[in-house]
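Visitor: Here's the letter readout for the chains.
2 protein chains.
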Amino acid sequence: MTQEFVHVTYLAHGKPGTDWQKKANGIAVGLTVGSWTDLPEARQAAMQKHLGHVVAAEEIGTDRDGLAQARLTVAYPTINFTPDIPALLTSVFGKLSMDGQIRLVDIDLPTEFASRFPGPKYGIDGIRNALNAYDRPLLMSIFKSVIGYDTATIAEHFYQQALGGVDLVKDDEIFFDETYAPFEKRIEACRLAAERAQQETGKFTLYAANLTGPVTEIFDKARRAVDAGANALLLNVLTYGYDVLHRLAADPQITVPIMAHPALAGAMYPSAQYGVAAPVLLGKLMRIAGADFGLYPSAYGSVALERAETLKIAEALRGEQGTLHRAFPVPSAGIHPGLVPFLYEDLGNDQIINAGGGIHGHPQGSAAGGRAFVAAIDAVVNGKTLTEAASNSPELKTSLDLWGNPSGK
Amino acid sequence: MTQEFVHVTYLAHGKPGTDWQKKANGIAVGLTVGSWTDLPEARQAAMQKHLGHVVAAEEIGTDRDGLAQARLTVAYPTINFTPDIPALLTSVFGKLSMDGQIRLVDIDLPTEFASRFPGPKYGIDGIRNALNAYDRPLLMSIFKSVIGYDTATIAEHFYQQALGGVDLVKDDEIFFDETYAPFEKRIEACRLAAERAQQETGKFTLYAANLTGPVTEIFDKARRAVDAGANALLLNVLTYGYDVLHRLAADPQITVPIMAHPALAGAMYPSAQYGVAAPVLLGKLMRIAGADFGLYPSAYGSVALERAETLKIAEALRGEQGTLHRAFPVPSAGIHPGLVPFLYEDLGNDQIINAGGGIHGHPQGSAAGGRAFVAAIDAVVNGKTLTEAASNSPELKTSLDLWGNPSGK
Ligand SMILES: [Mg+2]
Ligand SMILES: [Mg+2]
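Heads up: the protein sequence lines correspond to chains S and U, in order.
So for the first sequence, our numbering puts the first residue at 4; every next one is plus one.
So for the second sequence, our numbering puts the first residue at 4; every next one is plus one.
By construction, these hints were calculated from the structure, which means they are not laboratory data.
Below are the SDA-like pairs computed for lysine to any residue, each with C-alpha atoms no more than 20 Å apart in a straight line:
| id | chain 1 | residue 1 | chain 2 | residue 2 |
| --- | --- | --- | --- | --- |
| 1 | U | K147 | S | R46 |
| 2 | U | K52 | S | V149 |
| 3 | U | K26 | S | V306 |
| 4 | U | K18 | S | S305 |
So the derived label-pair ranges between C-beta atoms look like this:
| id | chain 1 | residue 1 | chain 2 | residue 2 | range |
| --- | --- | --- | --- | --- | --- |
| 5 | U | R46 | S | L405 | 21 to 29 Å |
| 6 | S | P409 | U | L314 | 45 to 53 Å |
| 7 | S | A253 | U | T258 | 24 to 32 Å |
This one's a predicted model, so the numbers in the text were calculated from it and none came from an experiment.
Positions of the beta carbon are idealized from the N, C-alpha and C atoms, including for glycine.
Construct the entire structure; sequences and hints are all you get.
Guide: Below, the structure is given as structure tokens:
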């Protein structure tokens, strides 16, 4: 077997004069065989295949505290890991995450190792086929907070959203208490609402129901959701653990796409010194574990991430990665129709325009809010300006008047 | 039913002049009912019990970037959550974690809600009973890296450690590939090694085996471990998700204590602006989810945490918390015998002294390294100095000569 390595890049801060090659070597040895020079020669021969090594250790500057900054890239033999994210993350950033100012900024998975992860079960192509929607960004609406609402009310909300022409509706990620709207009943009711809307619009709307509850029951619950007619599932991947996503995606009975919510990611990606970069956390790891849709803060809305980072997340989700299907990037938070030209310029067709307040806050209601987005998407795809499109869409005109048209297009 | 609230405290940074009361109210409403003033009065009456409210919003200073800092405490009705950590963390810090400079610094769980979590199954008292060891700190040895070692070699390493008089031996947390030392075989072999050592020392040594593999199989695997004679399990809680710990602890068939490893915690706790404070991450949440042992970086070793933070972690693990059992604090990383007086002064008897290099790096080997620690613990418990004790323990003398005796005691 040819030896394969996972390449992990860290941003480290340390005292001026730090020997970065030595630091990187300490990581490469310490997180694999533990110690090397102490080993007898015969043992070294046996352990060679488990030993990590330094790929690069380069000082790149000084921070404002006078600390030197360096990029360190370490290669870890894949035979040290089982092909799952707990093994990978624990090994390459478990203890190390606590060892001074160090940040995990990139992970490069070799092809064979990546192919042992499920990746998206449906991905962009599968979801487009299910919706019969091609050559345009898809549109998703987020349930506004529905804590305490019963099934019938939720289904009516779903219907209003579906009437607006959205492709998908997702549950609020904080929807946990299912006392008033039990999971399977909610799925059935929303499916009926989707069919009712389809009779008016000709368009079917998928519902991504929030998959919650004990991890010991979540796989059965997902299968029951499929039996109840679910057509997508939402998962809070970081609070449940990536391996839950992985095993849902790998389960042949769970025949629906999975939407990965980024809840809690902000506890890990924003610091310059610590944590895990967003393209790893919300891009690469979500993709290999099996997200069909990857949500992340857009560069333009209320909860913003740097544009360069958002482009890297999207690339990680939908770029070439061995044989893995491509996942839909879903830039989110505070999106209104006036932002569609920015999103389209960044990502083109293969993305999901995702809005909550930008749909429900429409003065004529959620259906009108959806229609404003449909008109905006239609405009950018056909090379028209939003202003032009608004002349044929009073709903879009209202949205632009209310929230603005910052691209001026 | 009396309304109960989870109180969550955040450290927020924002522009000078930020209206913190308004900011906190936005969180309290936004993360519960979504919006309030928009709701019709009849709906408000129904939703009142789901509504969060502001407990405190206090500006506390200015950071070096000129941003105002504030402590915000928000009360969330427990009826919005199911009693599990994914629900809790997603709700109170899911999307919010990505919304500017905000850090979760404390969570206060009301008694009834906390009692719906399992907490430690055995805790300090149960573990002391199992070991028949009272009135002193316990001693744990960490396997040095054993990637690629076979079962027999690992058992021999275990035997050497047990001979030194340690109470527990734990697997390395990066031990994932079980090709050469399968889980149950390893557990059986280490148990035999423990019995063999007991014949010489009169003392039994527990083995905490690293519980790894797919989350869909981990519960069965834990039960099989118990059948194979396991007496403790190690779990990488943050990479697997707290709910895995929770369900292991809640499973009546898993009749062994669980050790919570902090791997990946450094991606979340060290920043001053972002993330989750270590006492929440490694103390409170570990305790309620069911950790019998909570590992965290000590204030004195190679991977250090501030002393005040370590004391808060220990308090969260072993202080009064309703009816939950008390968990053992396990300050870790770079511990050698000369540090025992500091640890003892901080935490007294109810802790575990945990060492890897400080045991295996002993010039006379791991058994001698263990005996040096046993002598150091015996000294502090009996009010003797390490220097006095070293006159009767050549192993301790060697350790102090090699690594120092920084307390001067
Ligand atoms: Mg939401
Ligand atoms: Mg270790």
